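**Q** Protein sequences appear in the order of chains A and B.
For the record, in the first sequence the residue sitting at position 253 is 253 according to the working numbering, with numbers rising by one throughout.
For the record, in the second sequence the residue sitting at position 206 is 514 according to the working numbering, with numbers rising by one throughout.
Here are the simulated PhoX-like cross-link-like pairs (lysine-lysine), alpha carbons at most 20 Å apart as the crow flies:
id, chain 1, residue 1, chain 2, residue 2
1, A, K253, A, K84
2, B, K314, A, K216
3, A, K253, A, K164
4, B, K350, A, K164
5, B, K314, A, K208
Honestly, the hints are just simulated from the structure, not real lab data.
From a predicted model like this one, the values you see are computed outputs, not experimental measurements.
Chain by chain, the residues run as shown.
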Amino acid sequence: MTTNTTVAAPAGRTLTAAAPKRRQRKSSYPYWFYLPAALVYTTLFLVPTFASFFFSFTRWNLTEFTWIGMDNFVQFFSEPALLKGLTNTFIYGVVTSTLKVVLGMLLAVLLTSQIIARGYLRSVIFFPVLLSSIGVGIVFTVLMDPSRGMINEALAVVGIEGPKWLTDPAWALMSVAFVDVWKGVGLATVIFIAGIVSIPQEYFEAAKVDGASSFKSFWNITVPLARPATATVIILSLIGGLRSFDLIWAMTKGGPGFTSDVIASVIYKQYQAGFYGLSTAGNVVLFLIVTAVIVPLSMILNRKEVEA
Amino acid sequence: MTAALKRYGVGILAIAVTVVLFVIPLLFMALTAMKDRREANKLEFSWPTNFALIENFQEVLSARRFMLVTAFINSTILTVASVAIMVILAAMVAWVLQRRRSRWNPLINFLILSGLIIPPAVVPTIWVLQGLGLFKTLPGLILIEVAFGLSFCIMLFRAFISTIPRELDEAAVIDGCGPVRLFFRVIFPLLRSVIVTVIVVQSVAVFNDFQHPLYFLPGDANATVQLTLFNFQSQFTTAYNLLFMNILLITIPPLVMYLFFNRQIVAGMTAGAVKG
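Just need the whole structure built from these sequences, with the hints factored in.
**A** The following block contains the structure:
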């Protein structure tokens with residue numbers, strides 16, 4: 001790696017070689033341009049991240065700390081309330097990500113086909129992306145009210161008795177996940193549209209001449225060739241889903257009980273309660289989970305792309 | 309014949325479904341914000357019989373000693389300042405990173421990716437802010453938003469800078485331009501289109517941010533607009549008209565952004581979808 005760059009560096013500099021000697025040392029691209037950004041980023045992001053590894057092993061009140069070893073982590077994995085947050089984080093991430101990929105892909109195919117009112121459809125599906133999570137959360141909390149909410153009243157008209165949504169422990173997390181998909185599917189859709197539009201039209205025409213059905217050309221042309229878009233949607237929605245906090249906090253605050261807690265809401269609850277060491281341990285767990293999921297996944301998704 | 313059927317049939321079906329799933333919830337929000345308290349609390353989807361738009365508007369604004377007005381001022385300062393700083397710092401980094409090859413590049417790229425993936429550690433950040441005397445201050449939160457937003461901005465800028473020919477830099481250097489002049493007078497103006505994209509996407513993100521103000525800028529006097537919603541949620545449990553009026557008001561800035569910069573927002577958010 002180092003030999004590579006030392007070879008490359010003079011090649012980049014040959015351009016200024018003709019200039020006087022004083023110029024040669026002073027590049028037009030000075031390193032101090034990194035300095036302001038590096039200062040902010042290091043102080044407020046890197047230092048806290050490294051510090052979190054240390055403080056997660058302590059009992060801590062911001063001024064004093066006592067080293068307690070693995071206690072925080074042991075507590076994290078043994079207390080049911082905290083463990084629930086851990087499994088919920090995975091469920092939430094996988095459910096929202098999967099639904100966004102599937103629905104986003106289908107909507108994108110629909111919106112790139114020859115149907116009427118594409119502009120309207122695209123705008124209305126994308127708009128929720130720009131809304132505040134808290135606002136959306138509050139509106140849907142009202143809509144999902146078990147007895148008076150519009151959703152269950154509408155279902156009652158068709159003769160279906162809707163679940164109790166946010167107040168039913170079995171449904172609470174899924175209800176929030178649905179709202180997350182409602183809010184986020186527009187982003188997935190526009191990413192897929194960008195991916196599908198970049199596929200050369202000739203492929204579809206050739207497939208049509210060969211007599212391929214529209215499902216076949218979707219499965220054999222659109223899906224494989226929109227792969228970079230799929231990878232982007234999976235990675236983005238997983239990062240968002242595993243870290244998500246706003247919607248859950250606005251809609252259930254982790255309740256009923258702790259049935260819809262995720263790690264991010266556990267971190268906040270422990271912070272509020274003054275257990276700073278435990279809260280920081282939660283951060284470290286979240287960090288490890290996100291890294292352990294995202295890094296290998298993006299490597300796999302990018303590698304296959306090269307093979308194809 | 310079947311093509312026409314598909315074009316209109318599927319289209320009309322899609323319109324119907326989106327009206328139910330997307331338009332009605334948004335309309336419900338707007339209608340409830342116009343009702344008086346008694347009618348709003350029925351949580352019905354109906355045309356308001358007694359329009360109370362102006363009254364609700366006044367009441368929400370003046371609630372808790374004009375907290376929403378303060379919050380709008382705070383949020384505006386936060387958004388403008390943090391996005392401005394973010395754009396300049398990120399463009400500087402992206403330019404040198406794209407133009408100058410060095411052994412530091414892999415490390416810097418790694419740090420940029422880390423910034424996109426790693427969830428920020430909450431309490432240690434508070435600890436650092438306290439040490440600097442910036443905890444519970446607006447400048448502190450501004451710098452936080454800058455730190456967390458830099459990675460995304462650098463990625464967008466770098467992709468765009470790679471399309472600007474190097475010859476331009478060289479010509480300017482031969483004319484006697486120093487690095488600072490070269491960057492701010494020659495390169496920066498050329499980034500205009502991507503700067504607009506970054507500004508629009510990041511301002512919506514910062515304006516809608518709830519988690520970071522909640523952690524790093526607590527207190528009523530410092531509330532940002534997203535936190536007013538949160539504070540009113542407990543206060544207005546029996547006054548949905550006011551709660552929804554509040555939501556409606558804080559939805560207006562992103563809506564205006566969307567109406568004017570629709571194309572840039574989509575461009576910024578889908579960057580990387582094609583190339584991966």
